[in-house]
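Each chain is listed here by its residues.
There are 2 protein chains.
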Amino acid sequence: MFYRNHLIKFSYRCFSSESRINSFIKSKLMSAEDVAEKFPEKVTIGASGFTPAGYPKVIPGAFAQRIKNSKNPENFSINLYTGASTGDELDGVLARSGRLKLKIPYQSHKDLRKLINQGKVNFIDMHLSHVSKYIREGIFPPIDVAIVEACDVTSDGRIYLTNSSGMSGTYLPLAKDIYIELNEAHPLDMKGLHDIYLPEIHTGRPINIDYVDDRIGTPYVRVNPEKIKGIVLTNKYDSSPGFKKPDDASFKIANHLLDFILDEVEHGRIPKTLLPFQSGVGNVANAVLACIAQDNRFKSIEMYTEVIQDSIFDLIDSDKLRFASTTALTFSSEGQKRFHRDLYELKSKFILRPMEISNNPEVIRRIGLITMNTALEADIYGNVNSTHVLGSSMMNGIGGSGDFTRNAYISIFMTPSVAKDGKISSFVPMVSHVDHNEHSVQIMVSEQGLADLRAKTPKQRAELIIEKCVHPMYKDLLRDYFQHAQRVSFGQHTPHDLKQALSWHIRLQETGSMHPDHQAKKEPTSKDTEKAAQKIDQTAATKK
Amino acid sequence: MFYRNHLIKFSYRCFSSESRINSFIKSKLMSAEDVAEKFPEKVTIGASGFTPAGYPKVIPGAFAQRIKNSKNPENFSINLYTGASTGDELDGVLARSGRLKLKIPYQSHKDLRKLINQGKVNFIDMHLSHVSKYIREGIFPPIDVAIVEACDVTSDGRIYLTNSSGMSGTYLPLAKDIYIELNEAHPLDMKGLHDIYLPEIHTGRPINIDYVDDRIGTPYVRVNPEKIKGIVLTNKYDSSPGFKKPDDASFKIANHLLDFILDEVEHGRIPKTLLPFQSGVGNVANAVLACIAQDNRFKSIEMYTEVIQDSIFDLIDSDKLRFASTTALTFSSEGQKRFHRDLYELKSKFILRPMEISNNPEVIRRIGLITMNTALEADIYGNVNSTHVLGSSMMNGIGGSGDFTRNAYISIFMTPSVAKDGKISSFVPMVSHVDHNEHSVQIMVSEQGLADLRAKTPKQRAELIIEKCVHPMYKDLLRDYFQHAQRVSFGQHTPHDLKQALSWHIRLQETGSMHPDHQAKKEPTSKDTEKAAQKIDQTAATKK
Chain A
1 MFYRNHLIKF
11 SYRCFSSESR
21 INSFIKSKLM
31 SAEDVAEKFP
41 EKVTIGASGF
51 TPAGYPKVIP
61 GAFAQRIKNS
71 KNPENFSINL
81 YTGASTGDEL
91 DGVLARSGRL
101 KLKIPYQSHK
111 DLRKLINQGK
121 VNFIDMHLSH
131 VSKYIREGIF
141 PPIDVAIVEA
151 CDVTSDGRIY
161 LTNSSGMSGT
171 YLPLAKDIYI
181 ELNEAHPLDM
191 KGLHDIYLPE
201 IHTGRPINID
211 YVDDRIGTPY
221 VRVNPEKIKG
231 IVLTNKYDSS
241 PGFKKPDDAS
251 FKIANHLLDF
261 ILDEVEHGRI
271 PKTLLPFQSG
281 VGNVANAVLA
291 CIAQDNRFKS
301 IEMYTEVIQD
311 SIFDLIDSDK
321 LRFASTTALT
331 FSSEGQKRFH
341 RDLYELKSKF
351 ILRPMEISNN
361 PEVIRRIGLI
371 TMNTALEADI
381 YGNVNSTHVL
391 GSSMMNGIGG
401 SGDFTRNAYI
411 SIFMTPSVAK
421 DGKISSFVPM
431 VSHVDHNEHS
441 VQIMVSEQGL
451 ADLRAKTPKQ
461 RAELIIEKCV
471 HPMYKDLLRD
481 YFQHAQRVSF
491 GQHTPHDLKQ
501 ALSWHIRLQE
511 TGSMHPDHQA
521 KKEPTSKDTE
531 KAAQKIDQTA
541 ATKK
Chain B
545 MFYRNHLIKF
555 SYRCFSSESR
565 INSFIKSKLM
575 SAEDVAEKFP
585 EKVTIGASGF
595 TPAGYPKVIP
605 GAFAQRIKNS
615 KNPENFSINL
625 YTGASTGDEL
635 DGVLARSGRL
645 KLKIPYQSHK
655 DLRKLINQGK
665 VNFIDMHLSH
675 VSKYIREGIF
685 PPIDVAIVEA
695 CDVTSDGRIY
705 LTNSSGMSGT
715 YLPLAKDIYI
725 ELNEAHPLDM
735 KGLHDIYLPE
745 IHTGRPINID
755 YVDDRIGTPY
765 VRVNPEKIKG
775 IVLTNKYDSS
785 PGFKKPDDAS
795 FKIANHLLDF
805 ILDEVEHGRI
815 PKTLLPFQSG
825 VGNVANAVLA
835 CIAQDNRFKS
845 IEMYTEVIQD
855 SIFDLIDSDK
865 LRFASTTALT
875 FSSEGQKRFH
885 RDLYELKSKF
895 ILRPMEISNN
905 PEVIRRIGLI
915 TMNTALEADI
925 YGNVNSTHVL
935 GSSMMNGIGG
945 SGDFTRNAYI
955 SIFMTPSVAK
965 DGKISSFVPM
975 VSHVDHNEHS
985 VQIMVSEQGL
995 ADLRAKTPKQ
1005 RAELIIEKCV
1015 HPMYKDLLRD
1025 YFQHAQRVSF
1035 GQHTPHDLKQ
1045 ALSWHIRLQE
1055 TGSMHPDHQA
1065 KKEPTSKDTE
1075 KAAQKIDQTA
1085 ATKK
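Residue numbers (the numbering used here), protein chains in the order written: chain A, 1 to 544; chain B, 545 to 1088.
Just so you know, not all the hints are guaranteed correct.
To be verified - Facing chain B, from chain A, some residues (calculated, C-beta under 8 Å):
#1 Tyr211
#2 Leu390
#3 Arg406
Stated by the list, open to error - Heads up, simulated DSS-like pairs for lysine-lysine below, C-alpha to C-alpha not over 25 Å straight-line:
#4 B:Lys586 to B:Lys816
#5 A:Lys176 to A:Lys133
#6 A:Lys38 to A:Lys299
#7 A:Lys114 to B:Lys1043
#8 B:Lys1043 to A:Lys420
#9 B:Lys796 to B:Lys816
#10 B:Lys677 to A:Lys272
#11 A:Lys349 to A:Lys299
#12 B:Lys1043 to A:Lys423
#13 B:Lys1003 to A:Lys42
#14 A:Lys120 to A:Lys191
#15 B:Lys796 to B:Lys615
#16 B:Lys645 to A:Lys459
#17 A:Lys101 to B:Lys1003
#18 A:Lys475 to B:Lys1043
#19 A:Lys227 to A:Lys133
#20 B:Lys1019 to A:Lys499
#21 A:Lys120 to B:Lys1003
#22 A:Lys42 to A:Lys114
#23 B:Lys967 to A:Lys499
#24 A:Lys272 to A:Lys26
#25 A:Lys499 to B:Lys677
No lab work stands behind these hints, which were simulated from the structure alone. Backbone N, C-alpha and C define an ideal beta-carbon position, used for all residues, glycine too.
Start from the sequences, fold in the hints, and give me the full structure.
As structure tokens, this is what we get:
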């Protein structure tokens, strides 16, 4: 595979960027297939990457091929640690190898998701801020091999990463063996974007980031060079799904949200210079940045977030990006080209930080962030489910949303009010799983409107959410539930009828819709449930 | 009332501690009744106190009396802001006045709880770390009067608090008028215990507490002395419920927990010098300290917590308390006497901090705490309910448990496996309310055993919890649910049967027991529900 796919490019790049292939790198060069041969059959891999950005792209495929070619594929067993989810060439190929046993700490790949929900892959869905500590403390199995994508490696063991910082700072020093994919698609000028720093454990030392642009670490991960056992040359962009223009609902949500923020500024609760934004991934997040770019009321924006997408260019073009701290640059091909083209200028506006730092509660609380994350569903009392379809099936994982929401200056959750042509209401009597509870969710916004839940009792929150956020086709139904619950509830603080609280989910599972008018209730067959599952999965996927 | 209750003590103390009643204090002296007359009928009160410690003890009663004597009690309306809950002389008397409309941010008084669950008092159950910000930003109605208990006041406006720091540092500077209860039961040597510091908002400045004994503020709250409109002399201890010897179950829980901590030390995940403890209030927390005191394996302990109870004397007596940072000293009369007696010596071992600092996520995360809090109930996947009986009825509130759990070094939840002679299992298929979710709950412990939930899938967690923590009489029932859920669940990541998930709670509500063998199911009458409610309330109360 190495020879087939990369030899031409390799020869060319080797010539065109002679300086990158120093004698140390030269001495370590091998093919992806050769690397894959060196892995133990039962292997724990720590990989670079955070979202489809900066992840290894050829070694995992070569290892999957080795398993496929093996006479005893059942001998293989893979634990895969990444930063968040990654691209198909890593998460996808190892999932499809059939030998993936454990994945942490996040995933968003359809093949992997399917295996997890069939109970075939163990997935530990965890706060991203916990991962480094768990790994370093040995709570997870130790790392046999680290595979990281880099743009440069020095003979004294400095590894310069590419589009994401992710977990490499943790995995590299702990791995027995290190393999590097040196991706020549990235210019050497990428060096300097990263700020690698890992907090000591068991000490009370502060992490000295007071502002989004503070640098406290090194632009590389330093390792013992003797542990670098092989370097594979690649020349490939990240396989980002690209950039889709946000839909109308997303723009409506964005506008409600920006009006709210400006209102907070007017009341003196947010300073005129604003506060740094954290923003989840997806349509609504992109719409928010697009709207800020167009809106004269916003002058200058800072980000302290995990993922930067192409939407950042709207801010750059409107000269409104003061600074962005992130863990990943998740660009489309066009975005990547643009970033490389303007790299010299853009470097002063970006820092790539380890997941451990981007998601660190200490820093998040201190800086004071406006956090914006997507709810899969929310209930009338403001509890948010971001992970579980029908309380049982894993969508992607909580990722960093818990770290940010819990410690935010203002925590905002966004969701279109309905999905699947109205068959699913994003607002339900009781969520089927809680990732962010009533105490931590402050603002709820759908395309219908925005509910400010701060300083409200549960009942006041229910009235507000029903009034402001719920789609008209579900408003009366939710009002009915809320009134009914007050009549029969055990207590009046948070009225519920426990017999009816999950009935909307049960109806969805049985009939394919939460709305009683959509179809007559029928006893489901196993085939129906499977079909419904597929439909709901697809819908949920489009919401992320 | 002032004259009736306090004149004798006042005269005596006046003589015996002439220095305390300086000319400024003398010029402001009035009776509680006179103070109460000055309050507006619609009043927002910010009071000192955090748990029954350091709260005003006579002015609230005088105000309640004024309402009672009024021809138009319905004209009165009270919003009460405290730090956590307080004593009967504040939370109780104002609840019973019938004119309390809003209470924040916590409560544990039975009369108040009843009104909240009848829907008659608005209660905002919130993370304690959010309160100061919400108040300072004007999200809650502004404070008309602050009533604080102090041990000294100077003419330039320095107010020295007593047994709790609570929210006084926030409420005092914002209140229009300030009234002080100068409690001469406290020696002037109490001065110096407090470290009052409020973080600026909208800045990225760190809170420079790296170790539990760091001081960053002042030993007093400074206010404009012109705002002090009256001072009432008192001479009363706090009405703490006193100290009950922990029961056997609590000692069993404590022992499981300490074994676990020592095992973590052995594995290098906790340093040999240990990490500071945060501990909730109650039996189990007290048992933990008692066991540490007796256990030769523990040498020296630090606390970074909200509440210190009499159990601290076990540590002091065994010379194991290195330092305790707290927001309240909640002593029995005996404990209070002892503390006063040894004050000179003990002052070097204690700091009283504002709630905003004790519960601050930045500091909590940085210091690295072992947090121990009580679960009202937990489910097989590790989600914890700390607040809601049957998903609807408020017990006490989340208090600081969210701030600590979310940002802990290791987060531990404790609960006896059953309550009410086994009619309630603390472990259920699905909790009826989530305060701490599967991502944040790391260790679960009952008197049956301890489940280490870290790095486990939901299904692995379920097996562990059922195996280690559940009472034998509920083990098979939970196993049955778990196996049944895997057969019918929509997805296999977190298997649930949404039709059965809350059935244990429904059974409890209908029959008074979660166990199907306890009595034949019957259709409940409204009287039954009320009776069950009382029983469950009582049981839940004993668990806290």
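For the pair we were handed, Lys101 (chain A) and Lys1003 (chain B), check the Cα-Cα distance against 25 Å. Since the Cα atoms of Lys101 (chain A) and Lys1003 (chain B) sit roughly 14 Å apart, the hinted pair holds (cutoff 25 Å).
Cut-off 8 Å, beta-carbon criterion: hint that Leu390 (chain A) touches chain B: 4 Å, holds
Do the alpha carbons of Lys38 (chain A) and Lys299 (chain A) lie within 25 Å of each other, as the hint requires? 53 Å, violated
Satisfaction of hint between Lys677 (chain B) and Lys499 (chain A), Cα-Cα up to 25 Å: Violated, because 38 Å separates the two Cα atoms, which is more than 25 Å.
If you draw a straight line from the CA of Lys677 (chain B) to the CA of Lys272 (chain A), is it 25 Å or shorter? 18 Å, holds
For the pair supplied as a hint, Lys272 (chain A) and Lys26 (chain A), confirm whether the alpha-carbon distance does not exceed 25 Å. 53 Å, violated
Next pair to validate is Lys967 (chain B) with Lys499 (chain A); report whether the Cα-Cα distance is within 25 Å. Given that 25 Å is the threshold and the Cα spacing comes to 20 Å, the pair holds.
Are Lys120 (chain A) and Lys191 (chain A) close enough, with their CA atoms no more than 25 Å apart? With Cα atoms ~40 Å apart, Lys120 (chain A) and Lys191 (chain A) exceed 25 Å; violated.
Holds or violated: Tyr211 (chain A) as interface residue toward chain B, Cβ cutoff 8 Å? The hint holds - Tyr211 (chain A) has a Cβ within 8 Å of chain B, the shortest such distance being about 5 Å.
Holds or violated: Lys227 (chain A) and Lys133 (chain A), Cα atoms, limit 25 Å. Holds, at roughly 22 Å.
Is Lys796 (chain B) close enough to Lys816 (chain B), meaning Cα to Cα at most 25 Å? Status holds; Cα separation ~23 Å.
Would you settle whether the hint for Arg406 (chain A) is holds or violated, based on the nearest Cβ-Cβ distance to chain B being less than 8 Å? It holds, given that the least Cβ distance between Arg406 (chain A) and chain B is near 5 Å, below 8 Å.
Going down the numbered hints, you'll see the structure goes against 4, 6, 14, 15, 24 and 25, while the others check out.
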